[in-house]
Structures are given as C-alpha cells and as structure tokens.
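There are 2 protein chains.
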Amino acid sequence: MKICIIGCGAIGSLYAAHLGKLDDVEVWAYDLNQAHVDAINKNGLRLTGLSDFTAGVNARSDVSEIPECELGIIATKTMFTRSAMEAAAPIFKDGAVCSVQNGIGSEEIVAEYVPRVIQGTIFPAGHITEPGVVNHDAGGKTWIGPFASRPAGMDEVEKLADAINRSGMDCLAMEDARGAQWTKVIFNAASNAMGALTRLPHGVACDQEGVRKVMSVIMAEGVAVAEALGITLDSDPEELTDYGREKAYYHPPSMLQDVLAQRLTEVDALNGGIAKYGRELGIPCPMNEACTAIIKGLEASWSLEIPEKH
Amino acid sequence: MKICIIGCGAIGSLYAAHLGKLDDVEVWAYDLNQAHVDAINKNGLRLTGLSDFTAGVNARSDVSEIPECELGIIATKTMFTRSAMEAAAPIFKDGAVCSVQNGIGSEEIVAEYVPRVIQGTIFPAGHITEPGVVNHDAGGKTWIGPFASRPAGMDEVEKLADAINRSGMDCLAMEDARGAQWTKVIFNAASNAMGALTRLPHGVACDQEGVRKVMSVIMAEGVAVAEALGITLDSDPEELTDYGREKAYYHPPSMLQDVLAQRLTEVDALNGGIAKYGRELGIPCPMNEACTAIIKGLEASWSLEIPEKH
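Respectively, the protein sequence lines represent chains A and B.
Residue numbers 1 to 310, in the numbering used here, belong to the letters of the first sequence in order.
Residue numbers 311 to 620, in the numbering used here, belong to the letters of the second sequence in order.
Possibly wrong hints are sitting among the right ones.
Said to hold, decoys possible - Straight-line Cα separation of at most 20 Å, DMTMM-like style, residue types lysine to aspartate or glutamate; simulated pairs:
#: 1; chain 1: A; residue 1: Lys93; chain 2: A; residue 2: Asp62
#: 2; chain 1: B; residue 1: Lys312; chain 2: B; residue 2: Glu336
#: 3; chain 1: A; residue 1: Lys213; chain 2: B; residue 2: Asp578
#: 4; chain 1: B; residue 1: Lys523; chain 2: B; residue 2: Glu548
#: 5; chain 1: A; residue 1: Lys296; chain 2: B; residue 2: Asp517
#: 6; chain 1: A; residue 1: Lys2; chain 2: A; residue 2: Asp162
#: 7; chain 1: A; residue 1: Lys247; chain 2: B; residue 2: Glu618
#: 8; chain 1: B; residue 1: Lys586; chain 2: A; residue 2: Glu209
#: 9; chain 1: B; residue 1: Lys331; chain 2: B; residue 2: Glu468
#: 10; chain 1: B; residue 1: Lys523; chain 2: A; residue 2: Glu280
#: 11; chain 1: B; residue 1: Lys523; chain 2: A; residue 2: Asp268
#: 12; chain 1: A; residue 1: Lys213; chain 2: B; residue 2: Glu609
#: 13; chain 1: A; residue 1: Lys213; chain 2: B; residue 2: Glu590
#: 14; chain 1: A; residue 1: Lys93; chain 2: A; residue 2: Glu26
#: 15; chain 1: B; residue 1: Lys352; chain 2: B; residue 2: Asp362
#: 16; chain 1: A; residue 1: Lys42; chain 2: A; residue 2: Glu26
#: 17; chain 1: A; residue 1: Lys2; chain 2: A; residue 2: Glu65
#: 18; chain 1: A; residue 1: Lys159; chain 2: A; residue 2: Glu68
#: 19; chain 1: A; residue 1: Lys159; chain 2: A; residue 2: Asp176
#: 20; chain 1: A; residue 1: Lys296; chain 2: B; residue 2: Glu519
#: 21; chain 1: B; residue 1: Lys606; chain 2: A; residue 2: Glu209
#: 22; chain 1: B; residue 1: Lys469; chain 2: B; residue 2: Glu380
#: 23; chain 1: B; residue 1: Lys557; chain 2: A; residue 2: Glu308
#: 24; chain 1: A; residue 1: Lys93; chain 2: A; residue 2: Glu70
#: 25; chain 1: B; residue 1: Lys403; chain 2: B; residue 2: Asp465
#: 26; chain 1: B; residue 1: Lys523; chain 2: A; residue 2: Glu299
#: 27; chain 1: B; residue 1: Lys557; chain 2: B; residue 2: Glu519
#: 28; chain 1: B; residue 1: Lys586; chain 2: B; residue 2: Glu418
#: 29; chain 1: A; residue 1: Lys276; chain 2: B; residue 2: Glu519
#: 30; chain 1: B; residue 1: Lys606; chain 2: A; residue 2: Asp207
#: 31; chain 1: B; residue 1: Lys557; chain 2: A; residue 2: Glu305
#: 32; chain 1: A; residue 1: Lys247; chain 2: B; residue 2: Glu615
#: 33; chain 1: B; residue 1: Lys451; chain 2: B; residue 2: Asp546
Claimed, not checked - Some chain A residues close to chain B (C-beta under 8 Å, calculated; not the full set):
#: 34; residue: Leu200
#: 35; residue: Gln208
#: 36; residue: Val211
#: 37; residue: Tyr250
#: 38; residue: Thr292
#: 39; residue: Ile306
Please keep in mind that the hints were generated in silico from the structure rather than gathered at the bench.
Quick reminder that beta carbons are idealized off the backbone N, C-alpha and C, glycines included.
Only chain A is shown next, with the shape it has when bound in the complex:
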C-alpha cells in the first residue's frame, strides 16, 4: 500500500515516520522544504522526544516524482491547503485523502481535488528541530471518519486507521468523526484567540476572570453551530478548557506562537470556520466574527507601511 503525506512538517512527519516503520506500507512525502526533504532522503526521517527512531520515507518537493497512492494525509497549515492540493491532486486520481489539519474548512477544499475525503482530528504534536528531525512533543488519539460531502468508504477509513495503529500511534475509525472535530475546534477557537490577543499562555489566560468568560462566549457560539449542524460533541469544550488549564498552564497556544513570530495564523480555520458555518446556518457568532476580524487586522499590521509624511 502506498500512502503519501502532503506537507511533511512537524505533524506530517509524525505520521510519515510511524507509517514508515511498516513493511507493507510505502511512505511518500510531498513537502516544499528542500533541506528537510534532502535530509529525509539521505538519513531517513528521525523522531525524538516521545518517540525515538528513524524510518525510511521517500520525500519529494516535485509532485511529478511521486507515484499514485491509495491514501493520503494532508498536514499543511490550513492556509496552504488549496495550493498543496492543487499540486498534489494527480497523486490521488483514485485515492482518499485524510486531513489531520487544525480546525474546520480544509476537507471542503480537499474535496475539490480528490475523489474521496476522510476527516481527521488529532492530538499529537511536534516540532521540527533540524532538517530531517522532528521532536514528538505530545501523544494522543487520532479520530478519522468519512467526510460527508465526498466521503471515503469505511473500508478505506479502517485501512488507514489500522495502519496508523500498527505503526504505534492511536487511531479510531468512526462512521461520524464530526463530534471529535467540533469539540476540538470549539475548545481551540477559545484558547487560541484569547492566547493570541492577550499574549497569555492558556492557563494564565484562564485565570483572568473576564478572559475566561470571553472563552465561554466563543465556545457557546460554537456549540450552538454544532447543534444546528446536528453534531453530537464528544465532550464539553468547557471541561477541555479547564483540563488544559491544569495540564498545560504555561502552554502558549499555537496562534499565540504565530502572533509572537508575526506568522499568519490559522484563525480562518478556527474562529473563522465557526463563524462561516454560523452565517450559513443563521446562528449569530459575534464573538467568533470579532476574534477573526481582529486577528486578521493584527496580521495586516505586520506589513503596514506608514508614509513618513501623512
């Protein structure tokens, strides 16, 4: 079986390296980071931290060198989904692609380019430490299921889950994986937006009474949208928020890390994704709309040039 990882950064590498250990899976990786690609091809893909092994992966920055694959996993940052899929579409002429990206809205784009789509929600985390080497920071489950508008078959979903499980990660194949996805996106929208705007780590932000209330407003809007979509959440995002406060008090949410590094954030896939569904369904999401607008304004400030005379 051939599997191609599209976007073999921190997250993509965790899946690529694990799957690379399996004898019956040939792992390909499409990534534009040439130094990372070269290092993987030369020395294999190495994981450190929670994992400690090196696996063989065929990395390419040129899609034409990658054979057709039955399965794909897209793990780019959400703002690169379209450009990545535009390039990678030929790999999956008859394949199914699973998004393990943040937030919501990526599967809709993937569905424009491949015949069948799997939606994924993941907890594992990592970061690239040097070309070819990724630190496995956090473990946790991967939930996958057919994506409604262009669904992969459950046989394909189970085949992918089976491979991920045999590779040493923890994956659950579900008929309807939307509950897991929306639970995580609602929690993430609150934690990330408040982190990005207050510049406080998650737990510290939770301890600011007013900020914690805004998180609740963001989450209540998300829960209302999920309900209107007929989605049963896996768990209460409020509990996830408090659990995160206990377990990761000083953790800077990824959107805060992006803001501090003046990198484009994934707000469109988090608060923006909730707000977009809210607009379509007639569910008012003023706080998610506001967070999206403000964070996109903040992104705009990084490239603002003020004329000397004005």
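Guided by the hints, dock chain B onto chain A, whose structure is given.
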C-alpha cells in the same frame, strides 16, 4: 480667582498655560513629575505647535504648598484619579473640580473627594516634549456641565468656561454635558479598542471590513447604554468614526500608543465604563466587556514571568 490643575501633563498643561495668561487668574498646578514642576517654576510653562507662548504657573509636587482654590481641573490619566484626588482634596474644601479626563467614571471618583463636580469632554491634544514644554497637537472644543450626582452650580460652570474662553481656548458651558461626553466615549471605545488589539492606526483599521463591523458593535452597545441613561448624543459616533478615518488616517489611538509602550491603558474608562453602566442598567455589552477583559489580559502579559521549569 485661583484655579488648580491636578495632573499637569500634556492635557493639564494646555489648560494651565492658557489660563496662566489671564491677569485675574492665579494658576496652580499639582504634578508628581518633579523635573516638569521644576522647569515650569524656573522658566514658565511653554506651549509649542498650535500655540506658541510661555505663561507663569505655580507648579508643586507637594499639595501642602498649594493654597485653597475655587476651581480645579483634573487631567491625570484615569487610573490615577483616585490617588490624585486623595492627595488634592484639601485644595478644594469649598471648590468645584472639573474632569477633562478620557472616558467615563472619573467624575464619580472626584465626587468622593470634593463638594462639587463639573464634567468635561475635550478635543484638544498635546504631548510633553521636554520638562516645562508641551506641544499643542490639536485644537477643538471643551464642553463642561454640572456632574449629576454632586453638581457644581451653573454659575461656577460658566465662570470656568468664561476663563477658558478668555484664555484663547474654546469652551461651552452646558446644563447637561453628558451628550458630548457619551458621544466621544462611544467613538473612543471603538477606535481605541480596535487600535490597541489590531495595532492598526485608526483609518487603516476602519478599512478592514470586519474590524469596522466590530467598531459598530461596540458603538451600538454604547448607544443603547446612553439611551437607557436618558442621554441624547451630540452626534452619531459612527459619523465621528468615519470623519476620523478621513482626518486622521494614520493616527494611532492613545490606547494603541499605550500598548506599544507597554503602559497601562485607559480601557476601564472607555469600554470598561460603558460595560459597567451596561451591567447596572441591564443592557448587555458583550463586545465592550470582551475588549476590556482582553486588553486587561494583554496588560497582565507584560509583567508575566514564566518559570523556567514548568
């Protein structure tokens, strides 16, 4: 007539210097910036920019050296109102004090310390360029009127307005000056909060469609609170916002300047003031509540120390 300026920074100095030109007014100034106080006493208080003159002002950092005054003007940043009035109260045993501070909520505090209070709303702006010298950046009207819960008499209000007018500034004495105050605070809450959070100058922020919509949400909440208070606004804060976009496209609102300098902001007197009245009146102000909480969270981030091991 003796008038004492409490907080003789940029704004206080504009009034102190102008009033200092009048033969029938003895101007005192209470300020804790010793270098500024010393320079004023040595060389007089000098205005540059829109104004260009030097006037005699008796500046003191020790309240006990200041005689009793009939009138006062408090011009400190809003977070220093209480400490300033606590110290300055003996100057006004039988005096009336006018607040020309930003936002709302200061008059309530002033009223705890002096017999009679005048509320003021102002457009003039300036900044200290060196001790004893203040640049007069912007002109504009000053509106003053008796403060409801502990009102000065209209005779006192008119006496102060007359002195300010004769000194070369433009002051309007009103029976009810709340319309002017709330118009400005509603506009300022929107412009300042969005500037502080997006880090965009006023006009640039206005041109971000989503950000402009959040400004409208902030202002609509403020208008609803003003209506519930029975206040008739002077003009439409939406128009003021668009006028500001035309006239001061690259102007960084003061709260953005504070955020960039990591100084405490006046959010409690702007969005926080609207939200506080909203809570008392049962008018929901979720966006003003959120902006207040987020900006106070941001202030907290400046002094956050993250332990090395966590």
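Structure-based check of all given hints:
no.: 1; hint: Lys93(A) to Asp62(A); result: 17 Å, holds
no.: 2; hint: Lys312(B) to Glu336(B); result: 5 Å, holds
no.: 3; hint: Lys213(A) to Asp578(B); result: 17 Å, holds
no.: 4; hint: Lys523(B) to Glu548(B); result: 11 Å, holds
no.: 5; hint: Lys296(A) to Asp517(B); result: 12 Å, holds
no.: 6; hint: Lys2(A) to Asp162(A); result: 14 Å, holds
no.: 7; hint: Lys247(A) to Glu618(B); result: 16 Å, holds
no.: 8; hint: Lys586(B) to Glu209(A); result: 15 Å, holds
no.: 9; hint: Lys331(B) to Glu468(B); result: 19 Å, holds
no.: 10; hint: Lys523(B) to Glu280(A); result: 18 Å, holds
no.: 11; hint: Lys523(B) to Asp268(A); result: 17 Å, holds
no.: 12; hint: Lys213(A) to Glu609(B); result: 17 Å, holds
no.: 13; hint: Lys213(A) to Glu590(B); result: 18 Å, holds
no.: 14; hint: Lys93(A) to Glu26(A); result: 18 Å, holds
no.: 15; hint: Lys352(B) to Asp362(B); result: 18 Å, holds
no.: 16; hint: Lys42(A) to Glu26(A); result: 17 Å, holds
no.: 17; hint: Lys2(A) to Glu65(A); result: 14 Å, holds
no.: 18; hint: Lys159(A) to Glu68(A); result: 17 Å, holds
no.: 19; hint: Lys159(A) to Asp176(A); result: 16 Å, holds
no.: 20; hint: Lys296(A) to Glu519(B); result: 10 Å, holds
no.: 21; hint: Lys606(B) to Glu209(A); result: 10 Å, holds
no.: 22; hint: Lys469(B) to Glu380(B); result: 10 Å, holds
no.: 23; hint: Lys557(B) to Glu308(A); result: 16 Å, holds
no.: 24; hint: Lys93(A) to Glu70(A); result: 9 Å, holds
no.: 25; hint: Lys403(B) to Asp465(B); result: 18 Å, holds
no.: 26; hint: Lys523(B) to Glu299(A); result: 17 Å, holds
no.: 27; hint: Lys557(B) to Glu519(B); result: 19 Å, holds
no.: 28; hint: Lys586(B) to Glu418(B); result: 13 Å, holds
no.: 29; hint: Lys276(A) to Glu519(B); result: 15 Å, holds
no.: 30; hint: Lys606(B) to Asp207(A); result: 12 Å, holds
no.: 31; hint: Lys557(B) to Glu305(A); result: 18 Å, holds
no.: 32; hint: Lys247(A) to Glu615(B); result: 18 Å, holds
no.: 33; hint: Lys451(B) to Asp546(B); result: 17 Å, holds
no.: 34; hint: Leu200; result: 5 Å, holds
no.: 35; hint: Gln208; result: 5 Å, holds
no.: 36; hint: Val211; result: 5 Å, holds
no.: 37; hint: Tyr250; result: 4 Å, holds
no.: 38; hint: Thr292; result: 7 Å, holds
no.: 39; hint: Ile306; result: 5 Å, holds
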